[in-house]
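Undergrad: Chain residues, written in single-letter form:
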Amino acid sequence: MFNTLQLPSGHITHRGARFVNRFLTPSLFWLAVIALVLGSGAARAESGVPNAVPPVGTHKGDDVPQPIEFPHNTHADVNQINCMYCHTYARRSKVAGIPPTSKCMGCHSVIATDKPRIKKLTEYWENKEPPPWRKVHDVPDYVHFTHEKHLKRFVFDNEGMQVENVAEVCAFCHGEVKKMTVAHKVKPLNMGFCRRCHEANEGPFDCWKCHK
Amino acid sequence: MSLSNILEDWSRYRKGHEQGGFHDYEHMWGMAIDLNKCIGCNACSVACYAENNLPVVGREKFSKGQAMHWMRIERYWDEPDLGDDRVSEFNQHGANFIPMNCQQCNAATCEPVCPVAATYHTPDGLNAQVYNRCIGSRYCSNNCPYRLRFFNFYSYYEESWPAPLEMQLNPDLSVRDKGVMEKCTFCVQRIRTVKDKAKMENRPVADGEAMPACAQTCPTSAIVFGDLLKHYDPDTDAPETKVVKTWRAHQVELRVTRQNKQNPDLRGYRVFEGLNTDPCVMFLERVREV
Amino acid sequence: MSNKVNRRDFLKIMGWGGVGATLAGCDMPTTVTLEEGKEEVTSYMIPEEYVIPGVGVYYASTCQQCPAGCGLHGRVREGRVLKLEGNPESPINRGRLCQMGQAGVQAHYNPDRITRPMMRKGSGLTTVSWDEALTHIQSKMEGVSGDRFAWFTDTVSGHQAVLMDAYREAVGSSRHYVHEIINNSVSRQVNQDMLGDPQPRLRFDKARVVLSFGADFLGTWQSPVHNAVEYAAFREAPRGVLVQVEPKMTLTGANADLWVAVRPGTEGVFALAVANALSAKNPAMLDGLPDKAKQLVRRYDIKKASRITGAAGEHIVKTAGWLAERSPSLVVAGASAEGHGHGYDTVAAIMLLNVILGNIGETIEASGAFPFPQLVARTGGTRDVMDFAKALDNKELDAVFFRGANPVFTAPESLGLRDKLGKVGLKVAFSQFEDETTRLADVVLPMYSAMEDWGTHVAAYQAGQAVIGIQQPLMQPLYEQTRGFGDVMLSLLKMRKVPGYDGYADYYAYLRDAFSALPDSLKNGASNDEFWASALQRGVLEVATGGGSLTAKVVDFDLPENPASEGAYTLVPSARLGLWDGRHANIPWLQEAPDQISKVVWDSWAEMHPRTARKLGVKTGDAIKITSANGSIEANVYVYKGIHPDAIAVPMGQGHETYGRFAKGRGVNPVKILALNTDGKTGELAHHSTQVQVSKTRVRDSMVIFGGSETQLGRKIVATVTADVYERTEGEA
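Residue numbers (the working numbering), protein chains in the order written: chain S, 1 to 212; chain W, 1 to 290; chain Y, 1 to 733.
Don't read these hints as lab results, they were simulated from the structure.
Derived pair list, reagent style DSSO-like, types lysine-lysine, alpha-carbon separation capped at 30 Å: (1) W:Lys-261 to Y:Lys-716; (2) W:Lys-230 to S:Lys-209; (3) W:Lys-61 to Y:Lys-664; (4) W:Lys-64 to Y:Lys-619; (5) Y:Lys-599 to W:Lys-64; (6) Y:Lys-696 to Y:Lys-625; (7) W:Lys-195 to S:Lys-209; (8) Y:Lys-304 to Y:Lys-681; (9) S:Lys-149 to W:Lys-242; (10) Y:Lys-38 to S:Lys-149; (11) Y:Lys-625 to W:Lys-61; (12) Y:Lys-696 to W:Lys-61; (13) W:Lys-197 to S:Lys-135; (14) W:Lys-178 to Y:Lys-38; (15) W:Lys-197 to S:Lys-209; (16) S:Lys-209 to W:Lys-245; (17) W:Lys-197 to S:Lys-149; (18) Y:Lys-281 to Y:Lys-294; (19) Y:Lys-38 to S:Lys-179; (20) W:Lys-199 to S:Lys-209; (21) Y:Lys-553 to Y:Lys-304; (22) S:Lys-119 to Y:Lys-38; (23) S:Lys-209 to Y:Lys-38; (24) Y:Lys-303 to Y:Lys-615; (25) Y:Lys-38 to S:Lys-103; (26) Y:Lys-599 to W:Lys-178; (27) S:Lys-149 to W:Lys-199; (28) Y:Lys-672 to Y:Lys-625; (29) Y:Lys-303 to Y:Lys-318; (30) S:Lys-103 to S:Lys-152; (31) Y:Lys-497 to Y:Lys-121; (32) S:Lys-152 to W:Lys-197; (33) W:Lys-178 to S:Lys-209; (34) W:Lys-195 to S:Lys-149; (35) W:Lys-178 to W:Lys-61; (36) S:Lys-209 to W:Lys-242; (37) W:Lys-230 to S:Lys-152; (38) S:Lys-128 to Y:Lys-38; (39) S:Lys-135 to W:Lys-195; (40) W:Lys-242 to Y:Lys-716.
Since the model is a prediction, treat every value here as computed from it, not as a measurement.
Start from the sequences, fold in the hints, and give me the full structure.
TA: Structure (structure tokens):
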């Protein structure tokens, strides 16, 4: 352990640098090691998102049975519906939100009404109870994560970024959901995952930015 | 050599505030509490319970000193009023009330003793406690001269919030479990919300926008809260914050262990500042006619 | 590692090493992640307007924790109300709240709420359906008419009161008993007789001297938050002086520049002595007073007054000096002055000071007539509960509806309400909690909490701009089987076939209609819908009050030659900001908030002067037994110099036999053993005049006092400067 402390304290220019210097230098060493082991995703990624280094890390998620097997691919890929059309709170709140059932019915009272999944949806709608969706992506209760600021950084305030391509930003943490039916967790969403991305994209480093 | 590097680092950290500060602070949240106005009514304390998911520990645990009041009203009687009643018969000048919450020291005595860096100073000038990092060594509370750190000796969530009381819990901060130290955060969740909002609107945080629950509810407005770094800016013409104005009016300075006031009659002081804790909370002395 | 490592250094290194190790840890692929699919996510069927998950939205409402009627903002997130804050638009509290207001959410989410209607079948209460309960009430009420029916409530106002009146009038009864043990009924009567206005507007912010006789205006008197807001202005330079004269230190007394202990019941003498001292300097002050008043003022010179009251003569002189030098001033009277057989006379003597100091019209302003008399607050004190007991004795009542008030707990045991209530055929309790009165009811109707119900409120004390406070639900009801008070009243009115209420589906519809019917002058040209929306959004509706003016008529009064009682101790049932009269004893936050003066939590205690303690041979923490002619209570002693040696103070609020897990079996209730003495002129209970014997008793569990040291031990924690320094440095210059 002590040999890591011999690293010269480098000049990191972004905000919170001194904090990083003081507390994190030893772990930066390990970070470098791990990044090498993982094959340096930053260099390899071919992201359609300008001014961004996608986060690195994978996770093999369990199958999560949902009340209706929602086909993300049909909506986001085949029909090219923007993620934020349904997950409408993402740009305004910490949570992206599950679309209200009324939003589903906005289209599906006329589209594909004969399909079994839509019949099931209509049943929920007529019984006036939302489908009991199960949570796939979650962070622990002591973590403060806000969608709106990440969207601001990578989409709305990101020069050269097209809002139509927002799915590529979502994919940073959620994987290629548009290729999935029901969502799978394919990124680890742990602190190391967050931290690597904050480092690569010069995000804030203060503990209290994310811990509550 | 590594050890000397560390020791040098360490000494720089401890004395940093004398050389103009250790951090590149974004903000430095601070308070000015006017004891001329404080009436000791407890509204701040209960507001804190409501905002910060503080558990009610009950009579038994309270008697063991395990109460979890981040903001508390201390009440002191004048010395002669406790002595022989044949010398001073009545308590003529009332009680001495003082609201005590974490003083958010810039040279906090609690920070350096944490073995896992669960408590540290944020770029907002706050003395932070990261709950999920805390291992419960309690060194910090041992070291706090104000006794303003509170330890979860039990898992309170089962008995403190019998259903449906738990529905009141604020989702913006954790419910702390057994074995974790906690303390006043200046309602960091409120500050965070305000900063996020300002950032989304691409503007600086306005004075008075961030407001901890205690300052918000204080019936006599005795608590002034704001950013101690926002002095008058001639470039943008942004005015100084109310809290800076108050500190300056009372000639109280940060980063000193003894105030060197031009007018020593001014009321501002910091509790135990001689201990070199450099608190961010300034009190204005209580006033009595006689 | 050539350096010598001592223990300190070692600790430091361990610290840094720990950092490295643990932070590196979060990069490890083994770090814990959450399991997927274990939790459900709730989505909306149809999104509510303005509701964004994860974002708190504030809605305006009106606080129901005490009768002051402060405006609220409730923070609502994901359909739950989380936190209450003051509504800055309300002229009463101007964005501030007291601890009781803050704790309103715990009254709402309280685990001990009644969730289903109940009826007495045999000896116990059994759960029934609403239909059964209401049908039972209706069938019983068919046989009741005229004054055989009565309402028994705490302070009520607004449209709830209108519906209560409608029902009462439909039955043909004129009886509405209003009971508040913390009240200012005697002062209201004196104000009415002297000023022609029972509740004038008091300007603490304008006064340079406030002389208060037991009026705990920062704690429990009239409108505490409003008074505290004005107090802040009062304390700004030029700083006002506060003199508090009372037998037991209240929260206001603890903030006084000069706190004067007087023997219980001698406040009037102190007031007359101050008038005497003032007139000695300026005899013209007494011009225009009736001869009898002049004689009374002359009767109490400083020496005599000092002997009777037990206060130092220099304090009378000092007080008179401040009043003579600084103007305007304000003199107020509270519970400890009112609560005696000569309470009316004491308050009249105190108000005399306002007359001779010329404060009427200066710091005491006319409140003006509220334009909607049907909405104003029905206030009361303790006379009604004694009238009620008399009516029960005479078997004058067949049916009583209770709402808010809990007289079995907040009236002296010797009134015998517990037994007498058994003679009433139908007792209906509109209640949220099973309190001592509700437990005796025949039908218990579970009410919505203040966070679930609609309502309008007009505070008894209108602060400057008069307002109607609007109460709107801050969330969906927690329990299916609870109902709103207005809704139930409409059901009962419809069942009784009272004309005019058939058209209203619920209380909301009734309120909408009532707001549409308000005069156009209030609506500023807005449509009815816009008007309603803006009233809801702002939470308060300003109404213009008629000008009104005050008279300065000195009423006929007389003080007994020596009003102090001899021999025994006087029991002071002190009111406490927090538990109030006991209605908040079931709120854990308020139980755990230390009393402002003694710092005791979760318990009752008895305050005592060191001289008394020495005489009895007790010290702080010892147990004593306090015995009156009507029973006895036991409590631990808290010894300090904030009480007169002739007084023993026990706070109200504890001593519940029921009322949920947080309140039950905790402490004692001093109201229980009060004697049934009354004020000679108003008939109010003389609650500060009970004579008691005190004896040391067996050791009970020691009470819990918060805090370590009673003094600062010479440290600079609370520093104090004198007012002349303050004026010099921060005064207007």
